[in-house]
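Q: Here's the letter readout for the chains.
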Amino acid sequence: MAALVVLLFALAATGGLYAALAPAPKAQAQDSGQQSLAIEQGKKLYDVGCASCHNSNGQGSDDGPSLVGVGSAAVDFQVGTGRMPAQQPGPQVEKKKVIYTQAQIDQLAAYIASLGPGPAAPTKDQYSPADADVAKGGELFRTNCSQCHNFVGKGGALTHGKFAPSLKGSSSKHIYEAMQTGPQNMPSFPDSTMPSKDKADIIAYLHAVDTAQSPNPGGFTLGSLGPVSEGLFAWVFGLGTLLGLAVWLAARNTKAKKS
Amino acid sequence: MSTTTEEAPAQRGRPSNPGERVAEWADGRLGLYKFAKSNLRKVFPDHWSFMLGEICLYSFTILILTGVYLTLFFHPSMNEVVYHGSYTPLQGVRMSEAYSSTLHISFDVRGGLLVRQIHHWSALIFIAAMIVHMMRVFFTGSFRKPREINWLFGWTLLFLGMFTGFTGYSLPDDLLSGTGVRFMEGAILSVPIVGTYLSMFLFGGEFPGHDFVGRFYSIHILLLPGMMAGLLVLHLILVFFHKHTQFPGAGKTEKNVVGAPFFPIYTAKAGGFFFIVFGVIAAIAAVATVNPIWEMGPYRPDQVSTGAQPDWYMGFSEGLIRVMPGWEIRAWGHTLVLGVFIPLMIFPLVMMSIAAYPFIEAWVTGDKSEHHLADRPRNRPVRTGIGVAWLTVYFILLIGGGNDIFATHFHLSINAITWFVRVSFFVAPVITYWITKRICLGLQRRDRDKVLHGRETGIIKRLPHGEFIEVHEPLSQQQLHVLTAHAQPKPLTLAPEVDENGVARKAGPIAKVQARLSQNWYGEHSQIPKPTAEEYEEITSGHGHH
Ligand code: HEM
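Chains as they are written, first to last, in this note's numbering: chain A, -16 to 242; chain B, 68 to 613.
Isolated chain A (complex conformation) (with noise of 0.2 Å):
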């Protein structure tokens, strides 16, 4: 109860937040000018952020890869999961604390879209309609994605340290743009293999059965990992209790009462 009390606190608070600091609802003319003030933000944030790696105007270098052409929802992908800039290497780079404003992440798309044409970053009634199809999306999970990220997302290892990592917690539009844009050793699955509508359902699945809200009606789903986390509860908890009892039911013997 105290729970759901929170969260609903949460739920509330966050979306007052949102009212609060998202952008205005700009008038329809999003004129050429504004555009072109996009993308020179955008350039002066890559020439200080990115160019180190990924070289002047995206070309690439033994750092970091060519952008030209990569797309806005690449750099909406890459940079909003904080994946980009990268930091320590690593067998691959990873997810974490993003420092760009999203209108900064956005200006950067801008600016690297402009560089070549690309995917361009969904937009919402792509990732979340309202007629998605969750069983189907689990149809299409399961033939496409569960081979590196388990059945319900929970990830998976790939050679040499390299992972699928778990979905939870990945927002609609970012999990729509890793299928569009497939980043580092995940296959892409773009809009000729993989229709919006397919990519719309498998976030439905997704969202049915790896949020917090999905419902676990086993009880504790220990990781969802398969048997090896069962087989290891079962030796803990399972034989372990019974083996503490007998101990005990052993030392209540006869002979132990004394007097």
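No wet-lab data here; the hints were simulated from the structure. Errors might be hidden in some of the hints.
[Said to hold, decoys possible] Output of the computed footprint for chain A on chain B, the stretches with three or more beta carbons under 8 Å from beta carbons of chain A: (1) 174 to 186; (2) 189 to 200.
[As the list claims (entries may be wrong)] Ranges of calculated distance between the beta carbons of each label pair, as one might list FRET restraints: (3) B/493 <-> A/168: 28 to 38 Å; (4) A/230 <-> B/273: 50 to 60 Å; (5) B/493 <-> A/30: 55 to 65 Å.
Cβ coordinates follow ideal geometry from the N, Cα and C atoms, glycine included.
Please arrange chain B with the ligand on chain A, whose structure you already have, making use of the hints.
A: Frame of chain A, contents of chain B with the ligand only:
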């Protein structure tokens, strides 16, 4: 032809109490009184490790009870249906009837999910308990004559238990279990020459076909549990008949059993323990999910998930396959998939060596006598070392079987884990064997000191001339018994090269191997001589310095 006339049984007078009357009636036909008199007072020794078998027994009972409930609602059919039950994320999905009936049990049958979870958790605990029970029997040498046959019965139960578990896990026809069956099919296919035929036979055609759930169902609910129930009864009859082993102690000998009588004390305790086991498993099932088939989706041969493992008791075979290099030999248009076939062969080899162990040990030690006193593991360092080495390999293979989960949760490279398992598979058992043997010998040395010099009390005394000594307290009779009751056999030796008539005799190579092993087993590097009575006399008669 008997000429003696039987006397009519003495009329005892009709009991007035109806209960007694029923008992009288039954006794007249079944001879219950006599049976009960001789058996209800049978004595069972008390030790927590002797209750491990009981955990197996009770979890098996729970499995049968919950399993019967599940059969009432489960449909062992692979006919395709479209789901319209109450679990929304699968609405309208095509699936087999087996899978849809399991969803039905989980979401629409009263108590169904709880019973399913009790059933699955008890299966996991049942086999874990069997392994621990087996290790108890192993480390205490309770498998020695006359109990070798019972060891074999127990071993067969373990073997059947694993396959009962595997077939049960395959029944719901979800994506995880289907992947497991696919794995098994792959293993069968790797068998040279007959593999393809065997697979076609088992699945009634090309995998997955339409038959395997129905077939596994008969095996899982009828064949294997029936065999297990029968064996279990035999197992228990033999325990009863041989009487239980006991640990050494004052008044406990090879000829008696000291403990509580079967009835009423032992039965009361055992009955109570049944409810404890049931309670613990039910509590676990009520709070923790096991095998959430609704998350996995129906089986389709074109789908797979990461983290696809078998239940833990098959984990070692998963580990063998995962770490084995993918070797192949291609010749004459055929492929021999060694990467799968070698692990497939190691599995029965390991199982067989467990079964044969009592006979191997008896052969090495040349021990033909009966044993009713359990060994303390430290007094048999080689056996204890072998047991620990085996457990090491088993544990390492379990890590191999879960290499992906270990990689993601400990931020390791899956390749590094695989190489670690490959190397440790060969190296680690040697190391743990050696360390265990050292520890056992150290403990034996400590026992010897304790017998001769008593227990260290921690009390320091200053003698008149200024020397400090620690006061040692002599052990009680009971403790002395525990520490010295074990026999210390001599290793087998080869007969002299020349017999008493001067005729040269040659020992065969087998006898030589036997003598070598026996030397290793009971030679001077494998046991610390326990104190003799004279040594004890000498030291305790007051000449000892402390
Ligand atoms: C269905 C599984 C099993 C059940 C229900 C079961 C039950 C029992 C019970 C109740 C006892 C007497 C109490 C005890 O020593 O714990 C016992 C003893 C014994 N069990 Fe099992 N057991 C099972 C599996 C096994 C396995 C897997 C082995 C070894 C391969 C084994 C070998 C033995 C032996 C040799 C004894 C005699 C021990 C002694 O007298 O010290 N059993 N079993």
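Q: Cut-off 8 Å, C-beta pairs, minimum 3 residues; does the coverage of the stretch 174 to 186 of chain B by chain A stand?
A: holds (count 3)
Q: Tell me whether the statement that chain A covers the stretch 189 to 200 of chain B is true, taking a Cβ distance below 8 Å and needing three residues at minimum.
A: Answer holds; 5 residues pass the 8 Å Cβ test.
Q: Is the distance from the Cβ of residue 230 of chain A to the Cβ of residue 273 of chain B consistent with 50 to 60 Å?
A: holds, 52 Å
Q: Given a hinted range of 28 to 38 Å, is it respected by the beta-carbon distance of residue 493 of chain B and residue 168 of chain A?
A: Taking Cβ atoms as reference, residue 493 of chain B and residue 168 of chain A lie about 32 Å apart, which means the hint holds.
Q: How does the Cβ-Cβ distance of residue 493 of chain B and residue 30 of chain A compare with 55 to 65 Å: does it lie in that range?
A: 56 Å Cβ-Cβ, so the 55 to 65 Å window holds.
In this structure, none of the earlier numbered hints is contradicted; all agree with it.
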